[in-house]
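Chains A and B, in that order, are what the protein sequence lines are.
At position 16 of the first sequence the residue is numbered 16 (the UniProt record's numbering), and the sequence of numbers has no breaks.
At position 74 of the second sequence the residue is numbered 74 (the UniProt record's numbering), and the sequence of numbers has no breaks.
Derived by calculation from the structure, the hints in this document are not laboratory data.
Since this is a predicted model, take the numbers as computed values, not measurements.
The C-beta atom is built at its ideal place from N, Cα and C for all residues, glycine as well.
One thing to keep in mind: the hints can contain errors.
[What the hints assert, rightly or not] With a cut-off of at most 25 Å between alpha-carbon atoms, the simulated BS3-like pairs for lysine-lysine come out as follows: (1) Lys-158(B) <-> Lys-117(A); (2) Lys-66(B) <-> Lys-14(A); (3) Lys-19(B) <-> Lys-99(B); (4) Lys-98(B) <-> Lys-115(B); (5) Lys-19(B) <-> Lys-31(B); (6) Lys-103(B) <-> Lys-115(B); (7) Lys-158(B) <-> Lys-104(A); (8) Lys-18(B) <-> Lys-66(B); (9) Lys-19(B) <-> Lys-66(B); (10) Lys-31(B) <-> Lys-117(A); (11) Lys-73(B) <-> Lys-112(B).
[Unchecked claim] Under 8 Å between C-beta atoms, here's a sample of chain B residues computed to sit facing chain A: (12) Glu-36; (13) Val-170; (14) Gln-236.
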Amino acid sequence: MADSFKFELVSPEKLLLSETVDSVVVPGSEGEFTIMGNHAPFMTTLKPGIVTATLSGGQEKTLFVRGGFADINENGVTLLAEFAEPADSIEAKQMQAHLEEAQKRVEEAEDDDTRFKAQEYVSQLEYANSRLPG
Amino acid sequence: MASLKDLRNRISSVKSTKKITKAMQMVAASKLRRAEEAAQNARPYAERMRSVLSNLAGVNQNEAPKLMRGTGKDDVQLLVVFTSDRGLCGGFNASIVKKARAKARELESAGKTVKYLTVGKKGWDLMRRDLRDKIVDNMTFREVSQIGFEQAAQVGDKLLSLFESGEFDVCHLFYAEYENAMTQTPVGQQVIPAKIETDEGESESASGTKASVAYEYEPDPVHILDALIPRNIKVQILRALLENTASEHGARMTAMDNATRNASDMIEDLEISYNRQRQAQITTELTEIISGAEAL
Chain A
1 MADSFKFELV SPEKLLLSET VDSVVVPGSE GEFTIMGNHA PFMTTLKPGI VTATLSGGQE
61 KTLFVRGGFA DINENGVTLL AEFAEPADSI EAKQMQAHLE EAQKRVEEAE DDDTRFKAQE
121 YVSQLEYANS RLPG
Chain B
1 MASLKDLRNR ISSVKSTKKI TKAMQMVAAS KLRRAEEAAQ NARPYAERMR SVLSNLAGVN
61 QNEAPKLMRG TGKDDVQLLV VFTSDRGLCG GFNASIVKKA RAKARELESA GKTVKYLTVG
121 KKGWDLMRRD LRDKIVDNMT FREVSQIGFE QAAQVGDKLL SLFESGEFDV CHLFYAEYEN
181 AMTQTPVGQQ VIPAKIETDE GESESASGTK ASVAYEYEPD PVHILDALIP RNIKVQILRA
241 LLENTASEHG ARMTAMDNAT RNASDMIEDL EISYNRQRQA QITTELTEII SGAEAL
């Protein structure tokens, strides 16, 4: 049995999740990764995607996050998300709004670099969207 | 001396004013509860953000983004003044503006250029008369019912774009910190260049080495700081906005409570003079009748 650790997910508006978990899957900007207990101190930026936390009881929680940071240290894992919402309560309409905003940014991009970044962002959102239930 | 009818009219008008102030007080009280809650909910994020930042304090200062290092000058200072969009909240807006202008005077006497950005309609109203050409822009969120990160991001983006185009070197936020319904303290806070607070109790070098040795970064720390500092600015702005909203409702509640009490006092006074006058009139009438009867 893996060591459990403290996992906190906060958005600027509120504290969404504060639980003891066995493992967390986090969409890091350089790729998705799983954190287990006793992880080395680590810090990364996030891409839009799904966070899956396996609680100590074995129950799974999935949340959609957009933008932010993961801070992993000896005290546990803290996710600072710009936007976060439990995957089962997020509405299709909200996702649509995120996507449209992202699309708009692609169209408004002035140079290739920003356009590429915006495009990448759109596809990340689409991927996250396709994995949402319902 | 006012006639009986005049007095009656005044009493009824003060009564309806009292009803309005009473209603406004109740509305402010319920909004205050919500605003307080929102300010409380935003606190964990700000706290975590601060601890993340203090972990990053060990990053080489020369590589740190400009937002943290500053431009190396402090010639042009931008004061962001947060006020409410609606009036009738006592000295709330005036005290924030006063605080900002005291700071501006201090800076101006030191030979700096001062610019303003007002957030909220009332600050703009109060300052535009004599500072029209120094106000860069005015933003309001009047139509937004619940201030959230989105609004803070709008203000933040505005600040960042102004900073990037070299419009200012140092930026301060002015808002009222919420203590309780009775007390709100106007405060000034520097956000650009960002000041990183390290954990108390540890010396700066100790926490710095600890962080830089132990942590792994993905991508590298400079990139993380690049993304983190602007976000931290937005979080500070959000905090200012939420604190300000709570303070505004608190100030309005107190102001309206006073107004309601004043109206009650006034009604009492008016009713006494109304009754006196009514009695005087009855006495006069009686005297007239009696003297008329005696004359017969």
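Status of each hint after checking the structure:
1. Between Lys-158(B) and Lys-117(A) the CA atoms are separated by roughly 21 Å; this keeps the pair inside 25 Å, and the hint holds.
2. Simply put, Lys-66(B) and Lys-14(A) have alpha-carbon atoms about 29 Å apart, too far for the 25 Å limit, and the pair is violated.
3. The suggested pairing of Lys-19(B) with Lys-99(B) is violated, with an alpha-carbon distance near 33 Å, which exceeds 25 Å.
4. Between the alpha carbons of Lys-98(B) and Lys-115(B) the distance comes to roughly 15 Å, so the proposed pair stays at or under 25 Å and holds.
5. Only pairs whose Cα atoms come within 25 Å are accepted, and Lys-19(B) paired with Lys-31(B) is accepted, the gap being roughly 18 Å.
6. At most 25 Å may separate the alpha-carbon atoms for a hinted pair to count; Lys-103(B) and Lys-115(B) meet this at roughly 12 Å.
7. At roughly 19 Å between alpha-carbon atoms, Lys-158(B) and Lys-104(A) fall within 25 Å of each other, so this suggested pair holds.
8. In summary, the hint linking Lys-18(B) to Lys-66(B) is not supported, as the alpha carbons are separated by about 54 Å, beyond the 25 Å threshold.
9. Annotation: proposed proximity of Lys-19(B) to Lys-66(B) is violated, straight-line Cα distance about 54 Å (limit 25 Å).
10. Among the hinted pairs, Lys-31(B) with Lys-117(A) is inconsistent with the structure: their alpha-carbon atoms are about 41 Å apart, more than 25 Å.
11. Taken as a hint, the Lys-73(B) and Lys-112(B) pair is honoured in the structure, with Cα atoms around 10 Å apart against an allowance of 25 Å.
12. With a cut of 8 Å, the hint placing Glu-36(B) at the interface with chain A is violated, because the nearest CB-to-CB distance is about 14 Å.
13. The beta carbon of Val-170(B) comes no nearer than 24 Å to any beta carbon in chain A, farther than 8 Å, and the hint placing it at the interface is violated.
14. Taking 8 Å as the C-beta contact cut-off toward chain A, the hint placing Gln-236(B) at the interface is violated, the least distance being around 11 Å.
This entry does not satisfy hints 2, 3, 8, 9, 10, 12, 13, 14, going by the numbered hints stated previously.
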